[in-house]
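Novice: We have chain P already, so just place chain C on it with the hints.
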Amino acid sequence: MSSEKDYIELEMLARKGRWLAISTVAGSGAGHVGGPFSAMDILVALYFRVMKIDPKEPRMPDRDRFILSKGHSSIGQYCVMALRGFLPIEELKTFDKGGSRLQGHPDVTRLPGLETSTGSLGQGLSVGLGIALGARLRGEKFHTFVMIGDGELQEGMIWEALHIAPRYKLGNLTAILDWNGLQQFGWVLAINETHRGDRRDPWSGIDLRGIFEKLGWRCIEINGHDFAQIVPALEAAKASGESDQPTMVIAHTVKGKGVHFTEGKHEWHSKVATRDELKVVAQELGIEEAMA
Amino acid sequence: MKALRDVFGDTLVDLGKTNPNVVVLDADLANSTKADKFAVAHPDRFLEMGIAEQNFVGVAVGLASLGFIPWLSSFTVFFTHRAIDPIRMLVAQTHANVKIGAAYAGLMTGLTGKTHQDVQDIAIMRAMPEMTVLAPADAAEGEALIRWSTEYDGPVYLRLARDAVPDLFDKKYRFTLGKTIMLRAGTDVLMISTGPQTVRCVEAADLLAKERISAGVLHVPSIKPVNKEEIVSAAEKVKLVVTVEEHTIYGGLGGLVAEVLSEALPRKVVRFGIEDRWGESAPNDYLLERFQMSAPRLSERIQKLAG
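If you're matching them up, the sequences are chains P and C in order. The first sequence stops at residue 292 when you use the numbering used here, and every number in between is there. The second sequence stops at residue 307 when you use the numbering used here, and every number in between is there.
Calculated directly from the structure, the hints in this document are not laboratory data. Careful: at least some of the hints might be erroneous.
Stated by the list, open to error - Chain C is faced by these chain P residues, among others (derived, beta-carbon under 10 Å):
no., residue
1, 67
2, 115
3, 116
4, 122
5, 126
6, 129
7, 132
8, 133
9, 135
10, 137
11, 194
Claimed, not checked - Below 30 Å or equal to it, Euclidean Cα-Cα: the simulated DSS-like pairs (lysine-lysine) are:
no., chain 1, residue 1, chain 2, residue 2
12, C, 17, P, 169
13, P, 5, P, 279
14, C, 228, C, 172
15, C, 224, C, 2
16, C, 17, P, 141
17, P, 279, P, 97
We treat Cβ as the ideally placed atom computed from N, Cα and C, and that holds for glycine.
Next comes chain C alone, as it looks inside the complex:
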């Protein structure tokens, strides 16, 4: 069990040892995002860009044009809200080889509140042509996605939650772009989730089993592109599909699944996530209760739907 931000810092340090093209650009949050580990290990390739997120996106594009592999490090909200225009025009429209390390995604951002909680980023980035959108669940998957992104030639948006969650995967984990991962088979209901929320879905499936409800869990680390056939195939086996994400229910994973299944099956899809409201400063447990995203709340909500 290791926090994704520590995985981010440590993996970049390791990549920097073997790949001289890897550079890290910080917008004055390195000690929060743990990009500061790279600053210590590779000071010549750590580029402090100050509190100026639009500029640092452009700088990364310039560096990428010379063959560097720039990793941008900041909070999710400052990419998808403040710097979205340079990401759109300079990065996505030119297919620049820029990696967006978006830390503090979702609700649980270390008591920072709605100003720093980004629950729209999947919807925003998913609508952007040429952008690859990834969201790891745990440490092993996080490391694999950072390594894959560094090898891949093109723009990547990597959605990283702040805090540690129990491990789902181990060192043998291998990432395939677009591929979904069936973690639990189920015959009554299928939960589809992404990021660390998947860990809570697996726990909810255990709780539901005690209530004699067979719940499957499909994990989606690759939000864009995604293997649509795998989602359809998994949904075919159940009557009810529930999407679960630390994100607005509009346009994110829930939107993606609804789009896919309404064209292909269709199947009833219920979206769990943040409804049309902002978050607040509070401990993680409080937030999970308030937005009914903890494993017990998920189990209760699904029992009501399935009952």
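Chain P with its partners taken away, still in its complex shape:
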């Protein structure tokens, strides 16, 4: 089991990851912030604590697999991969530039360490299902994690995977729902409606957990920004790899989490921070300006 001290280290990495993401997007002049920030703590937990991976051998056959199905949060994944040693931190500056390995959306043909390409929403869970099914056919013991977004969950293709995975009893498959409650534009809040974001939660009033459970998923519900909940949940999911049920980690998150002016603001789905805003970000995240 992890100790509280470990979580302090993970928290620091998540702050660095957020800083790298928002400053990289600012440098490129385009990119996403809200989604990478809501996913950041889970990404750090996966790459630094939960998954069996080796940055020196990204294609290691028995590695755990991770697919970021909500591919527009790519910069979040790239920053965590850079911190973990899959690529030089300096390379983040090439994000979204011509010839870069760091495409706007994850491109498996360019960057070792990715398992497939994502970007058009709703597709990653199906690939993860195929990998987990293949692992079962081969007798491989690794685990496959797929992160999906709550906005993305509106895509029909995800629901195809959601009802097929339990049929094949894929305990070696874990979906992580980054339920940040906001999408790019979405619906306006109803009169007197309050919620953690400035727009309506896409699944407001819907018992997603009940639906997932009825479909056959084992559900673990967590605060997606509390490592003391994230790490045990992901480790429990991985530990049940030989069971006959896939796991859905329902992570309640805040879009834009980590900086006061990005939190809960749908407009920060994709937005470029100004120089002045970056100063505030660095201060709030406790990042030395020198790191920029």
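Specialist: For chain C alone, coordinates are given in the frame of chain P:
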């Protein structure tokens, strides 16, 4: 004379005996596509994925990443229309080793009508980078293409018609990617066709010979990639080129030939196929008459053009 869907099922069964990586994914049509033969022979490697074609494309990509050779089996229309986005992003853009067994291509789909007739698939798949697009004419060529596709490392779209046609080729048939096949030499007109339509073109060439019109037939089993020089070389010998396909005249084989010849020769190209309209439920003979694709209708249309 054996239907391509039976060739599909039987060849996969045979491949499954020697290649443990071959798996077949079905979207609840196995008894139509004849993938059910594989289900009986290799039940552990037959993966029923239900009526959910987008998902099964993604699942195949995941399986391919582990070294499996997944054959997807469904109707053409559900690949090129319903599941086209995962085919684009997950299969073609990543060059995944996924084989698309697209059954019931073209007009003659067993009385299912326009909802199940796919006459746009060549145009759609031909426009997709990294996709190999193949369309066999008969049983021998079908078996060769299924075997070749299984060996090839990368995405393949295999366009399979439903019903049996007379044999053009025999067991000695060998497939070469990109290569066209000159079945008949002709000096007046050249028919260029693909899939089982080629059989009807050969019959039309016989009818035209009786009318003293020398018609050649160039068969194109490999639509992408294709050896453009062979098309140019064949077209150089005639004044008129006619493309014939069970497909819309926009963007398919006719489009391909027009593109190649307008840059290289040019030569007059007339495209026979489905004009800007949908099909309907009807027996094959009716459909061939309605769309003027039977051998007698082809012969008549070419006589008018050549006269």
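Novice: Of the numbered hints stated previously, which ones are contradicted by the structure, given in increasing order?
Specialist: 11
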